[in-house]
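In order, the protein sequences belong to chains A and B.
Sequential numbering of the first sequence, starting at 121, is according to our numbering.
Sequential numbering of the second sequence, starting at 121, is according to our numbering.
Please note: incorrect hints may appear among the correct ones.
As the list claims (entries may be wrong) - These stretches of chain A come out as covered by chain B in the derived footprint (C-beta under 8 Å, 3 or more residues): (1) 261-268; (2) 381-395; (3) 513-520.
Hint data in this document are derived by calculation from the structure and do not stem from the laboratory.
Since this is a predicted model, take the numbers as computed values, not measurements.
All C-beta atoms, glycine included, are put in the ideal place defined by N, C-alpha and C.
2 protein chains.
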Amino acid sequence: MESVDVVVVGAGLAGLTAAADLVDRGHRVLVLEARDRVGGRTAGKLMSDGHTIEMGGQWFGPTQTEVLALAEAHGLKTYPQHDEGDQQLAWNGKVTRFGNDDPRLSPEAAAEVGRLTGELEAMAATLDLEQPWSASQADEWDGITFGSWLRAATDNDEALAFWRLFVPAIFAAEAHEVSLLHFLFYIASGGGIAMLLGTRDGAQDCRLVGGSHLISEALADSLGAVVRLGSPVHTIEHAADGAIVRHDGGEVSARRVVVALAPALAGRLRYAPALPPLRDQLTQQVPMGSVIKINVLYERPFWRDAGLKGSTMSFEDPLSVAVDNTPFESEHGVLAGFFEGVHARRVSTLTLEARRAIAIECLAKYFGSEAAEPLEYHEMDWSAEEYSRGCYGGRFGTGVWTAYGPQLSEPVGVIHWAGTETAAIWNGYMDGAVRSGHRAADEIHAALSSPTNGRPLGAVRFGQPSAR
Amino acid sequence: MESVDVVVVGAGLAGLTAAADLVDRGHRVLVLEARDRVGGRTAGKLMSDGHTIEMGGQWFGPTQTEVLALAEAHGLKTYPQHDEGDQQLAWNGKVTRFGNDDPRLSPEAAAEVGRLTGELEAMAATLDLEQPWSASQADEWDGITFGSWLRAATDNDEALAFWRLFVPAIFAAEAHEVSLLHFLFYIASGGGIAMLLGTRDGAQDCRLVGGSHLISEALADSLGAVVRLGSPVHTIEHAADGAIVRHDGGEVSARRVVVALAPALAGRLRYAPALPPLRDQLTQQVPMGSVIKINVLYERPFWRDAGLKGSTMSFEDPLSVAVDNTPFESEHGVLAGFFEGVHARRVSTLTLEARRAIAIECLAKYFGSEAAEPLEYHEMDWSAEEYSRGCYGGRFGTGVWTAYGPQLSEPVGVIHWAGTETAAIWNGYMDGAVRSGHRAADEIHAALSSPTNGRPLGAVRFGQPSAR
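Only chain A is shown next, with the shape it has when bound in the complex (with noise of 0.2 Å):
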């Protein structure tokens, strides 16, 4: 049998980048993943015009330090956010413009968004993002859906309807399927809810030249033949001295597992011996969102020539986000939009011409008869990837952090978790992914490395052999 120090499961962001480490500091490691491609939730795809256009995660803001750092190692190059021109909101059936810096809803729906904004990140501050759990009021915000509190906090229909999109702009799921206290841990995890929805200086202020999916490359370049693709993991029969990762291709033994999934995914693996009940559970209750991203491509970005940015949001539309998603030096026009939460999972049982002319009329509804006319339209539905099944990322709902928050990462004998979903900063991002992979190869060379070599770093928490 084949023998390595470290198996990860899992060539994302997270996965990769725990390799890397690993691999840097003399550990023998095998990356096996499922799909015929690195970079999990990144994914390029090359259109007719030669350009690649990102189909999964994208954006990249000034304090996402790790994962930018990770690209300027692999000599990569940031590009801007095009961020020139009016946007646009679409409400009440009109789509109005507004300057590029001015809030895109009325006075008193500003200032109400403003009031609860202080609110939340006065109660986030409150938080420490390793332990949200431990919060002194973390019973009552994880008690509560966002929804609920929403609710209770504002009756200005506008507020609510800017929160009831910001929502699934970053969870792509509904204000009642998160949990307060989740809401809460998440904008504190990203800096702030100005530094989520930011595009200059924000989130997304500005991408990868050839796409966020070439870190991924790169880092497998580096990897070589330690990333082994279309060799979907089934079962982990695990040891205290080790472990037997069993895949489609064969079976490998391992001293340390890392499992770079999303909970959701991690829970349909199968381990031996089974896993302790709280981790168990916790991979049943954090689904992936619900959300099919497009893009368009146009012979020219005529938007612009109106002078408007291509960013819309809408209260109202299946499309609910529109934004301009023109690759670095491209002479053509790209347009990006997002079905989301309830849209996505409305729109996901239609065809592919059904969806396509829903998606072009919100376009054309927000951008003219041009956008009518366009050269190609791509789309991506995370949630029928078999290795993704959905995205942005796992979200909690209520009860689940201050019931199964310890289990998110911590290990279970010799096996650790990565991803996205396990990191205190950016959780959810790219960068949350890369901050992962450092920890779990942090957490693993620790333990190979110490006195115990070989021993659990956690302490094994099976079930208790019962009187039975």
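Fit chain B to the given chain A structure using the hints.
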């Protein structure tokens, strides 16, 4: 390769019922069961006194006609749940006794519980149990947790304490972990709150001589070689005209498949092609409840001497429900107890000895010092069971019914779904499991008997290929 008409995955009550129905109608069936026993969430355990005690589901009520008919058909007999003597309530540090027919609450709290029961049952009465998501207020009711509804509905502490006991007692989860819509559906599915709570003429009316698992064992006996134990299914390859089911011991081809597992476990199988997005996402968000059931054997049912029924509910102790569980014609006495919801999660990480000490301490508080001297202590943590991963059933948090309801039982090509979570009547109970088995068998018999014999019954709703 072995070939049958129908493979049934899982030999719980749902799977065995479906198998028996299909065999009766002349189909060739194979049931593949992961465990080395049948019965799923029912399980008998032999005590040292020669009596078998139920470690899982055990009670029957008069409206649970399908499971009772099945038991009777196999010559099994029921006997009344012990219901004589005073009942008790532990609250505010005291254990208070009440007459058997008296409410255990103060008059004010009893009136408030009555008022809320009326409100809830009036709402529940508007639901179509086959499609609770279609109710006119479904979005509203699915958008909040039962806990949030409750907090807005009353500020009577004792009434709140009652509901916060009631919810774990039926869901093994907390009030903030189920949506109001799910709560309403569930109480309507079982015939109302009094029915769910009740002993005589209620859901805890009677037991089966020898234990509830005997129904599954009798079904399995009658099916003979049709049932294969120790054969965990891991993969279902399916096409329009049939499927190949792979298990640890081999593979079987079939024209139809019944997956008779709770949604959380059904989601852990591999499907090729992968399941449609909505069906997959459903399985990510119907987590199993958390319950550790104990049975404590005593020399005699000493509590009866003191005029006690043996039935205690506690608003403040970890073992929140205790009940006389003495088997039919036993000369000894047995008390059953339940750690549920948050309590189960908290004690699940303790050692057996520590958990046993907590349980016995609670029983001694309720029933006196004799309770501290048991002959035997038995427990079963259903969350630790690899092939159940929780009890009593899968619960629906906010947003799940309205986003994914139809996917619960709608076939995907040749794959049909059974299990108590798919039942309209007595969902979550043994009776619901049996009903779901009949329903799945009916679907398949109709499909295999139709002129388009072998063609899929339901529309195949795979994700449409995208333009990429």
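Right, here's what the structure says about each hint:
Counting residues of the segment 261-268 of chain A whose CB falls under 8 Å from any CB of chain B gives 6; the rule of at least 3 is met. Residue count for the segment 381-395 of chain A with a Cβ under 8 Å from a Cβ of chain B: 5. That meets the three needed, and the coverage hint holds. Check on the segment 513-520 of chain A: 3 of its residues sit with their Cβ under 8 Å from a Cβ of chain B, so the three-residue criterion for coverage holds.
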